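Protein chains in written order, with our numbering: chain L, 1 to 239; chain F, 240 to 478; chain V, 479 to 717; chain E, 718 to 956; chain B, 957 to 1195; chain P, 1196 to 1434.
These aren't lab readings, by the way, just hints derived from the structure by calculation.
Please read all numbers here as calculations on a predicted model, not as lab measurements.
Please note: incorrect hints may appear among the correct ones.
Stated by the list, open to error - One side only, chain F facing chain L, incomplete, derived with CB under 10 Å:
| id | residue |
| --- | --- |
| 1 | Ala301 |
| 2 | Leu305 |
| 3 | Thr307 |
| 4 | Pro314 |
| 5 | Glu322 |
| 6 | Pro325 |
| 7 | Glu326 |
| 8 | Gly327 |
| 9 | Gly344 |
| 10 | Gly370 |
| 11 | Gly391 |
| 12 | Val395 |
| 13 | Gly396 |
Stated by the list, open to error - Straight line, CA to CA, 27 Å or less: simulated BS3-like cross-link-like pairs of lysine-lysine:
| id | chain 1 | residue 1 | chain 2 | residue 2 |
| --- | --- | --- | --- | --- |
| 14 | B | Lys1191 | B | Lys985 |
| 15 | P | Lys1224 | B | Lys1172 |
| 16 | B | Lys985 | L | Lys30 |
| 17 | L | Lys216 | L | Lys228 |
| 18 | E | Lys933 | F | Lys268 |
| 19 | E | Lys747 | F | Lys268 |
| 20 | B | Lys985 | E | Lys933 |
No residue lacks a Cβ here, since even glycine has one placed at the ideal position from N, Cα and C.
The primary structure of each chain is shown beneath.
Number of protein chains: 6
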Amino acid sequence: MSDATLLDADAIATLEGVTTATLTTILLKKGLRNIWFRGAMPLRNGQERVVGPAFTFRFVPAREDLATPASWSSPISTRAAIEAMPEGAFAVIDAMGVPDAGVFGDILCARMIRRKAAGLVTDGVIRDLSGVLDTGLPVWCRGASAPPSVAGLTFVGWQETIGCGGVCVIPGDTIVADRDGAVVIPAAFLGEVLEEAVEQERMEGWIVSEVERGEKLPGLYPMNEETKARYQAWKDEQG
Amino acid sequence: MSDATLLDADAIATLEGVTTATLTTILLKKGLRNIWFRGAMPLRNGQERVVGPAFTFRFVPAREDLATPASWSSPISTRAAIEAMPEGAFAVIDAMGVPDAGVFGDILCARMIRRKAAGLVTDGVIRDLSGVLDTGLPVWCRGASAPPSVAGLTFVGWQETIGCGGVCVIPGDTIVADRDGAVVIPAAFLGEVLEEAVEQERMEGWIVSEVERGEKLPGLYPMNEETKARYQAWKDEQG
Amino acid sequence: MSDATLLDADAIATLEGVTTATLTTILLKKGLRNIWFRGAMPLRNGQERVVGPAFTFRFVPAREDLATPASWSSPISTRAAIEAMPEGAFAVIDAMGVPDAGVFGDILCARMIRRKAAGLVTDGVIRDLSGVLDTGLPVWCRGASAPPSVAGLTFVGWQETIGCGGVCVIPGDTIVADRDGAVVIPAAFLGEVLEEAVEQERMEGWIVSEVERGEKLPGLYPMNEETKARYQAWKDEQG
Amino acid sequence: MSDATLLDADAIATLEGVTTATLTTILLKKGLRNIWFRGAMPLRNGQERVVGPAFTFRFVPAREDLATPASWSSPISTRAAIEAMPEGAFAVIDAMGVPDAGVFGDILCARMIRRKAAGLVTDGVIRDLSGVLDTGLPVWCRGASAPPSVAGLTFVGWQETIGCGGVCVIPGDTIVADRDGAVVIPAAFLGEVLEEAVEQERMEGWIVSEVERGEKLPGLYPMNEETKARYQAWKDEQG
Amino acid sequence: MSDATLLDADAIATLEGVTTATLTTILLKKGLRNIWFRGAMPLRNGQERVVGPAFTFRFVPAREDLATPASWSSPISTRAAIEAMPEGAFAVIDAMGVPDAGVFGDILCARMIRRKAAGLVTDGVIRDLSGVLDTGLPVWCRGASAPPSVAGLTFVGWQETIGCGGVCVIPGDTIVADRDGAVVIPAAFLGEVLEEAVEQERMEGWIVSEVERGEKLPGLYPMNEETKARYQAWKDEQG
Amino acid sequence: MSDATLLDADAIATLEGVTTATLTTILLKKGLRNIWFRGAMPLRNGQERVVGPAFTFRFVPAREDLATPASWSSPISTRAAIEAMPEGAFAVIDAMGVPDAGVFGDILCARMIRRKAAGLVTDGVIRDLSGVLDTGLPVWCRGASAPPSVAGLTFVGWQETIGCGGVCVIPGDTIVADRDGAVVIPAAFLGEVLEEAVEQERMEGWIVSEVERGEKLPGLYPMNEETKARYQAWKDEQG
């Protein structure tokens, strides 16, 4: 399963045209069923699709002697982690699903925009909802809350293997997120996925147009032999 | 409790003017407390009310040897079930509350629109959110996810008695859904409900107008004898 | 911890300019971590901030011999409680988190508007969503459902100490609610909070503008000595 | 529904011979479905049945300025409440289902034994498990935890109407608890329940003996006319 | 995946010597991860292992017009289903995880013993705990409750494909249950599992004895080449 | 908060005489409310108290390409971690609360006994319940399940800061576990806790004896001035 495919600009452009629904179908056929982040939905209505390499953050539950406003100045802080993010990175934050302590607010999200982060996905919540929306950062999360992260969480490090929304993420895996939520493409699968994704999208688009023309589902989706021939003919026509 | 009332065009037109809130009040007075689908809320902002007879689908948890893309071609498939739906039917889908496997996506919803389905209610989630909204199918559900149904569910049949969102549904029961969610009217209660619903709505509308005029709640809602007389007088006036 | 500060018009005007995120930070520094109502989010998109003194309502689980439509006429009813609310009060309703029985619908909310209530926060749900939105009452809750309160809840009294969304509320505590949800300011802390809140907001606004100018986070947020001096200079300039 | 029946020594002796399973069946037939305390199971293996009038305690969530060890000396404390319990009372404690703060430990349970309390039921947990078992107090709860009540709860009063484990309890209602958990008999239903319970137990005992003799279930349970006659004959024989 | 292997007396005897832990390991290697019933644990301390073919029961949520004591006499009743069970069958009951309505009590369990049922597994609870233990029926469930099934559930049929504890079960699949809970062996996998199970148990027993002798884990479990040779030698010795 | 106190043999002997209930009370007075592992209860009835320094293990959710039986031979494996445990260490395992994948079975627990581990605490479950009990290893967990860890979890490392049961644990913190569950004493608090614990236990023991003599709670627990004097006299007598 070694795969030297890089998430370069071409790969990103390709994945921006592939729905997360299609990606989960492709990966399921390869045996990966657990790649969609539970509870992480787009914060903004009509959010566009975003793609980037995972840059991970890890929180653990708060303990009063560790999780204090003073800890925000520690060298191991979310601030330091953000400064370590390369351009285009997709922040993936393990908040252990905590619903009542916002991992980031408007100030940190504003800084991520300045550092050209691709987006942010977490199984927790953000805070300063209005301010975060104003920054323009694309965010997938469980919602918003007023309390700061230190009310329930302690930050422990970045760029480790983490669990987020019930999914395992290794730094450098590819994250794709759209209106159906966010998925991880493990690094070793990126090449195969890129090859199959475009054809899958094209085929599903053709099927929708057939349904709109009045075709019945059995034999069409999935395609039987006759439909496959008809689809092939359409593709040949398109050139 | 035999009740020969049919859900014909007149009954549908009547119920389109009755809120699900009013329906739960009426059925509660008849001893039915458990008729609202937990977790099934409208997918679209400002969704209009929809009415139709229940057409049931049943899923069980996935087992890897059964829940495969290959199963989509089986004679017992969601595709075959959709082709069996009569015009005007309201799909009710028992997804056992699973939040991370979309029961239907844009292709199946597009086909349901072509077959003139009234709507879809499930205690699970849909996928291809953008595509599903584009089809125009009215949907009540727990939200959206990217993974397909086979990632977590196996389809086992249609038109059986099912549980959905903690509610028992028998094929042919009436489903009414609006911005407060979806309710089932058991077949044996349809006639009585139709009789009482219109008067209940009229009365609640009059009470709201009284509150807006500045009336206090005690004596008004519920009505005491004096208020009842005043309401009767208003009704007599309206003719 | 005696504090004679009153929630007068000036205090309300001040708090209308302070986010709940800032309030949780200030109270956290004073040792209060548990003041944000879990599950109570704004019913309306873009809801403005609302401030008022808590007026509490308490429900317990339904028992069929107690929770009947007949109970709505009891002298201990939500109707009587609403009539007891002073102008400007913020209704706080302990619904024990029940998600499938709406505590109030359009009629009761319309009456609260007539009585000039500031708003309503509950760990339960409302019903008659369209009607409630039409009344204009600002509401923070877990969502909507069709069934009435008596389907799952029995009202037992008002102006008691309650738990709501995992938070303790004493009548007369101050409630502030905005797009990040709702928080309680215990009465004994109001004076201190008012003093610190405005400066905190001013400082955070200055930090956001610094981030937008391209400043890095470490040393800026939280501020080191050099940044503090720069911020002081800016404040002196503003006069 | 006025019912002057008192829970005197005779009534207690009768109920000590009736299972909670039988009591829920009898009350269900009278329309009461919600009388079993969710999550409150016997702490001790093989716990005997216990009966007594409900004496209620109410907790709300902790707030750091209120829930302190100092509060244990307040006049409104669990200690004062225990001293107010009459002999034979059954403590019913609304702990809002909190699983990680023990409402009572060995000292308070030892005092309840001295004051001849009948037992204790809560939707929360106890602490000092070994010590509590040593006191001999019969307890129904969700389990044990080490932290004290003030770690998560604030005590607010006693002998109020409360919710506990999803059930409404009014001081003076009858509590019966055994290996299947605990149930409340509303005061107004006590007389009827006493009348029917003994006959119901006798009948179920006879049915079990019939099953052991090899009788099939249909026609036996529930009984058809032929079986009823046979049962009547057996009762006549017994005299 | 056709597999003609039958669950005959030899197969049962073999499986009685194989832990459910071993079975899940074997099936995992074949790609089946979802075969263990969540929430169904042995009711009795030290319960022996039990094996039998699945005989399924299906409940849906209660609706007040259907779930009545009268329904117990319906031809579609749990009583009729029990009379249809062949000797040695293992009852698998889909109770949709409902924790507060006991699916079966002492009378039905006593009848199952008379009909020589192997055991009972459910994702719900039983009632009449003392009585059920007295019958001697081996039960795996979520616990006990006092209320009868009709308080929360309606029985709809038997010998259908069901979901139970998050697992898909088809009538005739093999059920094995012990102190680690219960698992399903899909019919098509029975032959392969029987072949591999005995060798797996033998190997794990030898590894435990090696650990007790002081061997380190790496190289031992899983075995490296040297350990495999040593194990083979031991097996050859045993003959 | 620097504290050079070591968990030496004397400290362990002292803590073996202090209940976790007392430890949570002492730490609460120092501001630490979140130190009890949610869901981790003793596996064995009547389990004795166990004390040791935390040795942490971290799992993340399974991903099919990572969580395989083959991974058990990886250099980063639970096997390698166990071999790295010093004598007397207390394994603390972050299983993210997963209830259906056993982190360790009998083989690994047998090896931990050989390596003289003090005990094991996890927010997940174990497997091979019978075998684990046979090893004699003291275990605190959420229960048992048949499936192996790879069915739901991937092991990622040891001796990191982790979250477990909602509690933050740093390697070297002290773990104390008894019948009320398990607590962590942060390293910086160990010295203070040792000083206060013995006196606290002595005082609570004296109070229990006073209650047994018939003393009322108010004034006794907590002690007023008169009681304090009486207690001091008793202590002076004891010498």
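Verification of the hints:
no., hint, in the structure
1, Ala301, "holds (8 Å)"
2, Leu305, "violated (13 Å)"
3, Thr307, "holds (9 Å)"
4, Pro314, "holds (8 Å)"
5, Glu322, "holds (6 Å)"
6, Pro325, "violated (15 Å)"
7, Glu326, "violated (14 Å)"
8, Gly327, "violated (18 Å)"
9, Gly344, "holds (6 Å)"
10, Gly370, "holds (7 Å)"
11, Gly391, "holds (8 Å)"
12, Val395, "violated (18 Å)"
13, Gly396, "violated (16 Å)"
14, B:Lys1191 / B:Lys985, "holds (23 Å)"
15, P:Lys1224 / B:Lys1172, "violated (44 Å)"
16, B:Lys985 / L:Lys30, "holds (16 Å)"
17, L:Lys216 / L:Lys228, "holds (15 Å)"
18, E:Lys933 / F:Lys268, "violated (39 Å)"
19, E:Lys747 / F:Lys268, "holds (16 Å)"
20, B:Lys985 / E:Lys933, "violated (44 Å)"
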